[in-house]
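Go ahead and model the full structure; you've got the sequences and the hints to work with.
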Amino acid sequence: MPSGLAASGLTAAPAAALLFLAVASHPMLDMICDASFGPALFMPWSEHRYLSGWRPIEGSPIGLKRWFGAKGWRVVHTEFLYVWLPCLALWASRCLWLHRSAGARA
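Residue numbers (UniProt numbering): 1 to 106.
Bear in mind the hints are in silico, worked out from the structure with no lab data behind them.
Only a predicted model underlies this, so the values are computations on that prediction, with no experimental measurement involved.
Incorrect hints may appear among the rest.
Just the calculated beta-carbon pair ranges, DEER-fashion [said to hold, decoys possible]: (1) L41 - A17: 16 to 24 Å; (2) H99 - S36: 35 to 43 Å; (3) T11 - S93: 32 to 40 Å; (4) W73 - A16: 44 to 52 Å; (5) G9 - Y50: 34 to 42 Å; (6) R94 - W73: 24 to 32 Å; (7) L41 - L98: 50 to 58 Å.
Think of the CB as a built atom: it goes at the ideal place given N, C-alpha and C, for glycine as much as any other residue.
Below is the structure:
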């Protein structure tokens, strides 16, 4: 029985592209987080850190007590709004596009 990529039907090239997007998007998310010094995108050639002027995502509180308080829920809300909701919209758009293209071939 196949497992891993073979079981999902995902070949190496799309899996590598997905991994690249996940790694490349992380510094972009750090740039729009309000509790960050910003990523050093060109380290070791430059120690300059980059931040966006628009930083809607709240930084996560440290400690369980603070995480399960009001600040923690604000973090969950902003991450859902600015990270997960757009990802869900992209996924739904892709599913719709694949469904329509499969219907056109039939």
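Status of each hint after checking the structure:
A beta carbon spacing of about 21 Å between L41 and A17 agrees with the range 16 to 24 Å that was offered as a hint. Taking the beta carbon of each, H99 and S36 are about 38 Å apart, inside 35 to 43 Å as hinted. For the hinted restraint 32 to 40 Å between T11 and S93, the CB-CB distance of approximately 22 Å leaves it violated. Range check, W73 to A16: Cβ separation about 36 Å, and the 44 to 52 Å hint is violated.
Taking the beta carbon of each, G9 and Y50 are about 37 Å apart, inside 34 to 42 Å as hinted. Between R94 and W73 the Cβ separation comes to about 30 Å, which falls inside the hinted range of 24 to 32 Å. Between L41 and L98 the CB atoms are about 34 Å apart, so this pair departs from the stated range of 50 to 58 Å.
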